[in-house]
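Trainee: Let the hints inform the model, and build the full structure from the sequences given.
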Amino acid sequence: MAGKTHSLFDRTIVVPAIGASLRKLSPATMLRNPVMFVTEVGAAVTSIGLFFRSPGEPLGFGFQVTLWLWFTVLFANFAEAMAEGRGKAQADALRKTRTSTMAGRMLMDGSIETVTAESLRKDDCVVVVAGEVIPGDGEVTEGIASVDESAITGESAPVIREAGGDRSAVTGGTRVLSDRIVVRVTANPGESFLDRMITLVEGASRQKTPNEIALTILLSALTIIFLVVVMTLKFYGNYANVPLSVTVLSALLVCLIPTTIGGLLSAIGIAGIDRMVQKNVLAMSGRAVEAAGDVNVLLLDKTGTITMGDRQAAEFIPASGVTVEKLADAAQLASLADETPEGRSIVVLAKQFGLRGRSLADMPHAQFIPFTAQTRMSGVDVDGRKVRKGAAESVKKFVGGTFPAEVDDAVTRVSFNGGTPLVVAENGHVMGVVYLKDIVKGGLKDRFERFRAMGIKTVMITGDNPLTAAAIAREAGVDDFMAEATPEDKLARIKQEQAEGYLVAMTGDGTNDAPALAQADVGVAMNTGTQAAKEAGNMVDLDSNPTKLIEIVEIGKQMLITRGALTTFSIANDVAKYFAIIPAMLIGVFPMIAPLNIMGLHSPRSAILSAVIFNALIIIALIPLALRGVKFRAVSAAAMLRRNLLIYGLGGLLLPFPGIKVIDVALTAFHLI
Amino acid sequence: MDIYGWIELVLYVVLLLALTKPMGLWLFKVLDPQGKTFLDPVFRPVEKGFYRLMGVDPQSEQDWKRYAFSLLAFSLVGGLLTYALLRLQHRLPLNPQAMGAVPDHLAFNTAISFTTNTNWQSYGGESTMSYLSQMLALAIHNFTSAAAGIAVAAALVRGIARSCSKTVGNFWVDLVRLHLYLLLPLALAFSVFLMSQGMIQNFKPYTTARTLDNGAVIQSIVQGPMASQVAIKMLGTNGGGYTNANAAHPYENPTPLSNFLQMLAIFLIPSGLTYYLGKMVKHQRHGWAVWGAMTVLFLAGVLVCWGAEVHGNPRLQAAGVVSSPGNMEGKEVRFGPFESALFATITTDASCGAVNAMHDSFTPLGGLVPMLNIQLGEVVFGGVGAGLYGMLVFVVLTVFLAGLMVGRTPEYLGKKIESYDIKVSVIAVMVLIFDILCFTAWAVSSKWGLAGLNNAGPHGFSEILYAFSSTTGNNGSAFAGLTANTPWYNTTLGLSMVFGRFLFIVPVLALAGSMAKKKLVPESAGSFPVSDLMFVVLLVGTILIVGALSFFPALSLGPIVEHFLMAESNLLF
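Just so you know, the protein sequences line up as chains A and B, in that order. No gaps in the numbering here: position 191 of the first sequence is 195 in this note's numbering, and each next residue is one more. No gaps in the numbering here: position 559 of the second sequence is 583 in this note's numbering, and each next residue is one more.
It is worth saying that the hints were derived from the structure and are not from the lab. Treat the hints with caution; some may be incorrect.
[As the list claims (entries may be wrong)] Think about it this way: if two alpha-carbon atoms lie no more than 25 Å apart in a straight line, the pair counts; the simulated BS3-like pairs of lysine-lysine are:
no.: 1; chain 1: B; residue 1: Lys-60; chain 2: B; residue 2: Lys-306
no.: 2; chain 1: B; residue 1: Lys-53; chain 2: B; residue 2: Lys-447
no.: 3; chain 1: B; residue 1: Lys-303; chain 2: B; residue 2: Lys-471
no.: 4; chain 1: B; residue 1: Lys-447; chain 2: A; residue 2: Lys-461
no.: 5; chain 1: B; residue 1: Lys-541; chain 2: A; residue 2: Lys-212
no.: 6; chain 1: B; residue 1: Lys-543; chain 2: B; residue 2: Lys-447
no.: 7; chain 1: A; residue 1: Lys-635; chain 2: A; residue 2: Lys-449
no.: 8; chain 1: A; residue 1: Lys-499; chain 2: B; residue 2: Lys-541
no.: 9; chain 1: B; residue 1: Lys-471; chain 2: A; residue 2: Lys-238
no.: 10; chain 1: B; residue 1: Lys-543; chain 2: A; residue 2: Lys-461
no.: 11; chain 1: B; residue 1: Lys-53; chain 2: B; residue 2: Lys-72
no.: 12; chain 1: A; residue 1: Lys-355; chain 2: A; residue 2: Lys-330
no.: 13; chain 1: A; residue 1: Lys-401; chain 2: A; residue 2: Lys-390
no.: 14; chain 1: A; residue 1: Lys-212; chain 2: A; residue 2: Lys-283
no.: 15; chain 1: B; residue 1: Lys-72; chain 2: B; residue 2: Lys-60
no.: 16; chain 1: A; residue 1: Lys-212; chain 2: B; residue 2: Lys-53
no.: 17; chain 1: A; residue 1: Lys-212; chain 2: B; residue 2: Lys-447
no.: 18; chain 1: A; residue 1: Lys-635; chain 2: A; residue 2: Lys-92
no.: 19; chain 1: B; residue 1: Lys-190; chain 2: A; residue 2: Lys-499
no.: 20; chain 1: A; residue 1: Lys-461; chain 2: A; residue 2: Lys-449
no.: 21; chain 1: B; residue 1: Lys-45; chain 2: B; residue 2: Lys-447
no.: 22; chain 1: A; residue 1: Lys-92; chain 2: A; residue 2: Lys-283
no.: 23; chain 1: B; residue 1: Lys-543; chain 2: A; residue 2: Lys-499
no.: 24; chain 1: B; residue 1: Lys-447; chain 2: B; residue 2: Lys-89
no.: 25; chain 1: B; residue 1: Lys-45; chain 2: B; residue 2: Lys-303
[To be verified] If you want the ones that stay clear, here's a sample from chain B, every Cβ over 10 Å from chain A, calculated:
no.: 26; residue: Pro-120
no.: 27; residue: Ser-151
no.: 28; residue: Ile-245
no.: 29; residue: Lys-543
Virtual Cβ for every residue (Gly too), placed ideally from N, Cα, C.
Mentor: Next up, the structure:
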């Protein structure tokens, strides 16, 4: 199911990938990747060269070099095929849910005809009743239903979908559990989110991201430079009477051009999208994934992202002359019938004051007063006690217009600390204040701290008043907050940050979030959100978990780091390969340069072959790294650079020396040369 | 490697460090059209006069294309004028030695050479050029080509410093101000100092003298306006000698002090430009980081070269030919291994090309250092302007390569490095590499190229490789064993100078234009650090790896194999 990770060398992925790497040898396909195209040409040239060997060059040597050059190309193709295979496996699992779905299409006259899901077009209306699978992405236009979305999200609890409002979007492949809804289809077959994601992981239609293009230009330039280096070397060799065969020159060329990164580049990009899918996020483009790594500002909704959705009772603050127990008793009584999470939390907190649990069944005569938007109070009338709890202003009216000073103070203090004060009164007497607190999610402060270290600013968006907002912002450790924010404010804020040069990421679900989602560089729409929101964003979070924005940023960064690390590694590798090949080329004519053979390689031919084999094997060895991504740590740029430079720069410089030496020893031991 | 060498080296670096900030602050004023200097009362009216004469509005700026076009047009006209002067010098005044017209291919080569700040000389000055040619055709380019180089660097720095801007400055304003406020006053002061050391400055005919051995040989001793030309030759990193022996000639480098200050003059403006960079981008530490990277590469070069020259040729020592270990072949006895190695490193770190010893006679490794310095793009302080803009291209590539490793699209000082920037940067680098490698390949495989060789084997190869490296890098020094004054060499070397200069400058200006247009992302903890030790290491590493990867195969057939021939065999080459 979505979210399932495939083990790295899953047979069902590896076997087709081997076939795909052979098919990808077609020059038309290879041309998309200039580095590997040159490698392929090199392999082809040496293959032909086998028939026109220079005198004294044994067939075995030429044959082995040729073979490993072809392997180099195949290994690179294999890496790409593996990444595609893994992405497809994810997508296929998602797609399985909606093959052979039948749909009841509503005709103009209101009658219903049964058609296949594939034949549905945009703006068709379909009727889905309990037990049926929703045939395509769409919007509920009529009715309300509970829907099982576990096929997409892996979350087993059903969700409510209803016409109008922010919970109207439904996803193809999910199942209606109760009631009947009419769904207006919003995507043609092949254009749904899922389809777009599938095409994204399939190489053929994959667009290169801006950064990938820039890197490809650099890698192509290096390739052309080395092409010229090797071609001019032939002339220099003629001058110095050093015979340089086509085989040897091709081997040198392929070792020098950045085949490691060239071979793994597209795999890295696909794997980035794939990792998003594993987190249940559908990215609409590779560009969006890349932008996620670049984000400087995160706009985070307070409710659901920073705080738990609900407030919890944290403290009872009694009025003077009232004991805490008495206040707790009154508050508990007033909340017994209050099924909201706030109400329940008051009952729970009251238990800590030694109050026995009450139940509604014990009080048959109690008359419960429900909360209404007009009274903004709720409570109970029982045994002559009229207990109320509610907003300070409403309770003030209820008790006749005045509060004791200390209660007023308590109300202000609670507000100032970011809480919500609930005043409890009994029969016209103010009993005290219940401190309802926004509970900040665990671990967030730490996480924001790490974001700050990475240079990412967090901004909390809330509808609360500035006082409350400031308190929660302080507790959560965000850098900035927007209080009493409207969707328009949000849009204006994004534009302002962008004008200052920042890239902004945000989450949203409502239709009124759509403009902001569209404006943001990374807009993550919740899957539960409206169709408009999903269209406007460039990612959809199937779990509808706003906190995930943070992980999205990390995945984006990880992809860029992996690309940079392997590029550095690839280029640093060249130094050792020079020390293998150049002495081998010259030693025949200039035996005195033997000290340059610092690895002490056995013979010129074994040296050249060892370098070529190392160059091919390193691609295979790095496939897991390319697919999984370099380990990401949330630290400052300087610290991250130091660490990666040490591993991939210095490591890339040093590793090939022992690597080539080991291969050389093995080649000699097995008499392959 | 004696103690006096170490003392002088430390003194040199300390003095350079001390002069960097004042020079940078001065450049900051000169390159700002509104900048005020104490020279204003004298030069402001002259400056305004020039603008009126040229019809330039000093307030209006140019985009990178117009800037590049102005520079190219100016260079073309200057080059053509020089060509004409050289071809007609026999008909023009100030020619007491009655020098004939310069042959067409030599005039072509020389005109390009001086226009491009190269000062490659296929001729001996004292036996080819009239005084008028020396002053009007050649010395004038020592000023203009230097100013043009600084102008390009200024345009690039402005591009980096600005945001959301279409323009990068006004070439004509930069040109005028650089001459009036920087090059002319500095050169005047420096030439007066050089005269105080005994350098000649006159219009007399050559002095004839009878030598000591019984007067059998009559010696002709060069005369002429030397100090005025030598001052700017160093300050403007031109390097073209008044005499064939260049700074090894007693007139052209009379005293130890003149030698020391000439070396300091080469790095003066390039070093100040790093401070100018820091000040312009409001990140002074970045300017110093670039200075640091340059100094690291400079010291590495000096020490390798000095070590090799002091070590000398073991086979000559074994044969008892020389008593002292140092390699003295091709060196002025007044200077010896250290002064020669230091001068050779400085003149090739910068695109100067003046020499006080013959690089051709250095030991293989000692000669490898100047050659590699040029091939790395002369970014170690470098030519005036050219060094900084070359270095900044490497900075962009470094930031891009390593910048991805911090997990965001690479940013340089708040500017995102995008595919266009990479494209123009790699074009610039590729031009240099191809220019050197391809012309060398042509030379070693054609009869015209091989005809110029006086040495066979690896050393002959080194001479050709050095020649095209020198012209491509607009350096001008030579492994002078090569007979380059032939139609083929004059033409190909001339072309490589044009490519190396202008095909580099145009992409650099395109980079300037692209950077100027970008939005500025404010710096944060997530920004790529460009001012710490790690950046210096990265920058040095990138330059060395790109340079080494491109030229190691070629060098291994030249100086490297020659070194092993000398050290590990008894073969004669």
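Trainee: Regarding the pair A/Lys-401 and A/Lys-390, is the alpha-carbon distance no greater than 25 Å?
Mentor: Holds, at about 14 Å.
Trainee: Hey, B/Lys-60 versus B/Lys-306, does the alpha-carbon distance stay inside 25 Å?
Mentor: holds (20 Å)
Trainee: Classify the label on B/Ile-245 as holds or violated, using whether its beta-carbon is more than 10 Å from each beta-carbon of chain A.
Mentor: With a cut-off of 10 Å, B/Ile-245 remains clear of chain A, as the shortest Cβ separation is near 41 Å.
Trainee: Assess, step by step, whether the Cα of A/Lys-212 is no farther than 25 Å from the Cα of A/Lys-283, and give holds or violated.
Mentor: holds (22 Å)
Trainee: Please verify whether B/Lys-45 and B/Lys-447 have alpha carbons no more than 25 Å apart.
Mentor: It is violated: about 33 Å lies between the C-alpha atoms, which goes past 25 Å.
Trainee: Holds or violated: A/Lys-499 with B/Lys-541, Cα cutoff 25 Å?
Mentor: Satisfied, since the Cα-Cα distance of roughly 19 Å is no more than 25 Å.
Trainee: Take a quick look at whether B/Lys-303 and B/Lys-471 sit within 25 Å of each other, Cα to Cα.
Mentor: violated (52 Å)
Trainee: Would you check the hint for B/Lys-543 and A/Lys-461, treating anything up to 25 Å between C-alpha atoms as holding?
Mentor: holds (19 Å)
Trainee: Does B/Lys-447 pair with A/Lys-461 here, judged by a C-alpha cut-off of 25 Å?
Mentor: violated (32 Å)
Trainee: Does the structure keep B/Lys-447 and B/Lys-89 at a Cα separation of 25 Å or less?
Mentor: holds (17 Å)
Trainee: Compare the distance between the alpha carbons of B/Lys-190 and A/Lys-499 with 25 Å, and conclude whether the hinted pair is satisfied.
Mentor: OK: B/Lys-190 and A/Lys-499 at ~23 Å, within 25 Å.
Trainee: Given the hinted pair A/Lys-461 and A/Lys-449, is their alpha-carbon gap at most 25 Å?
Mentor: The given pair, whose Cα atoms are some 13 Å apart, holds under the 25 Å limit.
Checked against the numbered hints above, the structure breaks hints 2, 3, 4, 16, 21 and 29 and satisfies the rest.
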